[in-house]
Amino acid sequence: MIKIQDLTIQYGAFKAVDGLSFSVNKGELFGFLGPNGAGKTTTIKCLTGTIKPTHGMVEVAGYALPKFFHKIKPLIAFVPDTENHYEDFSGRENLLLYANLYGVPHHRVDVWLDRLQLSEASDVKVRNYSKGMKKKLLIARAMIHEPQLVFFDEPTANLDIHSVKLVRGLLREIANSGTSVFLTTHDMDEVEQICDRVAIIAKGKLLDIDTPTAFITRHAERYCDVQYDHQDQLIRTTLHLDEPEDKQRLSEIVLNEKCVRVHSREFRFEDVFRKLTGEAYR
Amino acid sequence: MNVSRFHLFKTLYAKEWVRLKRNPAALMAVGLLILMAFLLNIESKAQQTAKRSSDWPCLVVFNEDNALIQHLKQNQHPKLRVKFKHNPNVNTSKVRYASVVDCVAEIQDIQALKWIDKRPQQTIIFRHGGSEASIKKTNGFARWVLSSMAAKYSNQNIGQSFKPLPNSRSKPSASLDLGNKKSRAMVSAMLIFSTQFFVCCALFISLTAHEKEKSILQALALTLASPRLQLIVKVVFHLSLSLIASFIMLAVISPAHLFYVGTWWILIASSIGLIGVATILTSLNRTQTSASLMGFCYLMFVGVVFALSQNFKGFTLLKVFMFEHHVISALSMFFNGITRNNYLLLGAHLLTLTVIVVVLSVISFVLWQRKGWKV
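Chains as they are written, first to last, in our numbering: chain L, 1 to 282; chain W, 1001 to 1375.
Please keep in mind that the hints were generated in silico from the structure rather than gathered at the bench.
Some hints here could point you the wrong way.
Only pairs whose alpha carbons sit at most 25 Å apart, straight line, appear in this in silico BS3-like list of lysine-lysine [as the list claims (entries may be wrong)]:
{"hint": "1", "chain 1": "W", "residue 1": "Lys1073", "chain 2": "L", "residue 2": "Lys52"}
{"hint": "2", "chain 1": "W", "residue 1": "Lys1021", "chain 2": "W", "residue 2": "Lys1214"}
{"hint": "3", "chain 1": "W", "residue 1": "Lys1094", "chain 2": "L", "residue 2": "Lys131"}
{"hint": "4", "chain 1": "L", "residue 1": "Lys275", "chain 2": "L", "residue 2": "Lys205"}
{"hint": "5", "chain 1": "L", "residue 1": "Lys52", "chain 2": "L", "residue 2": "Lys3"}
{"hint": "6", "chain 1": "W", "residue 1": "Lys1083", "chain 2": "L", "residue 2": "Lys45"}
{"hint": "7", "chain 1": "L", "residue 1": "Lys125", "chain 2": "W", "residue 2": "Lys1010"}
{"hint": "8", "chain 1": "L", "residue 1": "Lys3", "chain 2": "L", "residue 2": "Lys26"}
{"hint": "9", "chain 1": "L", "residue 1": "Lys203", "chain 2": "L", "residue 2": "Lys3"}
{"hint": "10", "chain 1": "W", "residue 1": "Lys1083", "chain 2": "L", "residue 2": "Lys15"}
{"hint": "11", "chain 1": "L", "residue 1": "Lys15", "chain 2": "L", "residue 2": "Lys3"}
{"hint": "12", "chain 1": "W", "residue 1": "Lys1021", "chain 2": "W", "residue 2": "Lys1094"}
{"hint": "13", "chain 1": "L", "residue 1": "Lys258", "chain 2": "L", "residue 2": "Lys275"}
{"hint": "14", "chain 1": "W", "residue 1": "Lys1094", "chain 2": "L", "residue 2": "Lys45"}
{"hint": "15", "chain 1": "W", "residue 1": "Lys1371", "chain 2": "L", "residue 2": "Lys67"}
{"hint": "16", "chain 1": "L", "residue 1": "Lys3", "chain 2": "L", "residue 2": "Lys205"}
{"hint": "17", "chain 1": "W", "residue 1": "Lys1083", "chain 2": "W", "residue 2": "Lys1163"}
{"hint": "18", "chain 1": "W", "residue 1": "Lys1094", "chain 2": "L", "residue 2": "Lys52"}
{"hint": "19", "chain 1": "L", "residue 1": "Lys131", "chain 2": "W", "residue 2": "Lys1010"}
{"hint": "20", "chain 1": "W", "residue 1": "Lys1010", "chain 2": "L", "residue 2": "Lys203"}
{"hint": "21", "chain 1": "L", "residue 1": "Lys134", "chain 2": "W", "residue 2": "Lys1094"}
{"hint": "22", "chain 1": "W", "residue 1": "Lys1083", "chain 2": "L", "residue 2": "Lys134"}
{"hint": "23", "chain 1": "W", "residue 1": "Lys1374", "chain 2": "L", "residue 2": "Lys15"}
{"hint": "24", "chain 1": "W", "residue 1": "Lys1371", "chain 2": "L", "residue 2": "Lys71"}
{"hint": "25", "chain 1": "L", "residue 1": "Lys67", "chain 2": "W", "residue 2": "Lys1021"}
{"hint": "26", "chain 1": "W", "residue 1": "Lys1214", "chain 2": "L", "residue 2": "Lys125"}
Ranges of calculated distance between the beta carbons of each label pair, as one might list FRET restraints [as the list claims (entries may be wrong)]:
{"hint": "27", "chain 1": "W", "residue 1": "Val1358", "chain 2": "L", "residue 2": "Ala157", "range": "45 to 51 Å"}
{"hint": "28", "chain 1": "L", "residue 1": "Thr8", "chain 2": "W", "residue 2": "Asn1311", "range": "54 to 60 Å"}
{"hint": "29", "chain 1": "L", "residue 1": "Asn128", "chain 2": "W", "residue 2": "Ser1004", "range": "33 to 39 Å"}
{"hint": "30", "chain 1": "W", "residue 1": "Leu1345", "chain 2": "L", "residue 2": "Asp123", "range": "54 to 60 Å"}
These numbers come from a predicted model, not from an experiment.
Ideal placement from N, C-alpha and C gives every residue a C-beta, glycine not left out.
So here's chain L without its partners, still in its complex pose (with noise of 0.2 Å):
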């Protein structure tokens, strides 16, 4: 669905984007991560059309950008991370403008207006929506047209937890069904648990791209925090197992000390991506 072969967009000197390559597939819910101004944003606007690459190629949907965008615009979706509706027009309204836009029958609003739980509130004004609201009326607007690749920028900021849990589970019901998800998000969580693959980025440079398990699988690194007590002193530490120093310490504690308590910690995706990203700004 996506093709990107090292893409770099340049604001003067600076390489906001540096010689990206990796490919989305059809149907697939591919998490895109990086730290503030690693160059995910801009890689998201030159896939939607709004700034243009300085260098590299860049295909979705089978079409090279920027010279197919018109082809590709009823293909995608995005979903930005602010809302920008029409405040003075009701969700309704607001969905009824851009179903229009796209040529789509009107029933469709409603649809999406129930799938997201605000059917309710269809015929009040945006102005007066919740936050939460106002993002469920973001994914709904997006999906109006049924695209074959949406992008969501932090799609479950600000939301409650039951909202969550709703959008996460519609983002997999919309991979599933077919459609491919360029997902970006700060919520290790959510990538862990919904992504099919994940590409982590850094100051413009692709760092690694593999499915979350993969990810920690690789990455894991295991800590193991012990509690004994020493001369009736209790004291505290965290050995790293893979070291052969901690490894040996922590067989001696558990012979020669009297244990408290020994606690593996769990790797988790949020660790990889602290490693990573730590090591491409250290």
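Based on these hints, arrange chain W on the given structure of chain L.
Relative to the frame of chain L, chain W by itself:
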């Protein structure tokens, strides 16, 4: 997904109308300007009526039908119509005049009153209506009366004074005389231009810069409506709104000009020029606040250049390159009445106006395409 451009146009155009309808303050401002046109019309009609009253005859009010009065009756003023009226109470507050009277000579024969001497034997008070035209008229009338008086009573003691009529409306000399066709034409042109500025520049900036700041334009650009189509719709929407407002204003101020092709040419060119300015300002600013502020600065700049051009040649030259100058000048010429002498000047204004507006439109379109719709 096959959607016709006309359908997209219709959708975006309807969206603009709904947005305007949801912001009644904007419509109220247009209404206020139209109300101003109504007031201007009423005021200028009142002043025209007052002006027409200057066609009334001048009055010679006297207490004694003496030799002077006889002489005046026999030697009528070459241009002014003069009426003679006997009143024994002349030169007292008991004499009342109709409100349309604006030129009077009160001649009092003291000898006839058999008063004790040492005072002038004849006194004349010339009374005027207060307006510039009335004072001018009374001056001419006074010269005629005094020359007759000098011929008849060269050896007599004569007292004279120049006073306003008791019911006159004296005005400061700097006030605008709306009875004057030239002033009225200028004010009308300014009023129509102000309405167009509000609709095509201030309102355009307000509505569009808001969409830009909230990245709504970017969201719309991702649909089947291109940024170019969005701009075209906005131009057509604000142009139509401006022409409706101008039509109402013209109908109020000068209905005859509704049927002049030239007037509509100016109004359309002016609206497009103002939309061009608004597009440039919106494209160059990221937020609604800064764009609106720039719009206000633009208005101030135009005002300052116009004011300074009265005294400084450099600013007069700068004014030539501003389409606003050509709009106001050409509209004033239309309202003032076109004569054979100013046909050439009017043509020059129209041509320059068109060229400037075309250049402005090209610049604004390029800017819009490059950065106007992007945050």
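Going down the list of hints, with the structure as the test:
no.	hint	result
1	W:Lys1073 with L:Lys52	violated (93 Å)
2	W:Lys1021 with W:Lys1214	holds (20 Å)
3	W:Lys1094 with L:Lys131	violated (80 Å)
4	L:Lys275 with L:Lys205	holds (16 Å)
5	L:Lys52 with L:Lys3	holds (15 Å)
6	W:Lys1083 with L:Lys45	violated (87 Å)
7	L:Lys125 with W:Lys1010	holds (23 Å)
8	L:Lys3 with L:Lys26	holds (11 Å)
9	L:Lys203 with L:Lys3	holds (20 Å)
10	W:Lys1083 with L:Lys15	violated (93 Å)
11	L:Lys15 with L:Lys3	holds (20 Å)
12	W:Lys1021 with W:Lys1094	violated (61 Å)
13	L:Lys258 with L:Lys275	violated (33 Å)
14	W:Lys1094 with L:Lys45	violated (88 Å)
15	W:Lys1371 with L:Lys67	holds (18 Å)
16	L:Lys3 with L:Lys205	holds (16 Å)
17	W:Lys1083 with W:Lys1163	holds (19 Å)
18	W:Lys1094 with L:Lys52	violated (89 Å)
19	L:Lys131 with W:Lys1010	violated (31 Å)
20	W:Lys1010 with L:Lys203	violated (44 Å)
21	L:Lys134 with W:Lys1094	violated (80 Å)
22	W:Lys1083 with L:Lys134	violated (82 Å)
23	W:Lys1374 with L:Lys15	holds (20 Å)
24	W:Lys1371 with L:Lys71	holds (22 Å)
25	L:Lys67 with W:Lys1021	violated (39 Å)
26	W:Lys1214 with L:Lys125	holds (17 Å)
27	W:Val1358 with L:Ala157: 45 to 51 Å	holds (47 Å)
28	L:Thr8 with W:Asn1311: 54 to 60 Å	holds (57 Å)
29	L:Asn128 with W:Ser1004: 33 to 39 Å	holds (35 Å)
30	W:Leu1345 with L:Asp123: 54 to 60 Å	holds (58 Å)
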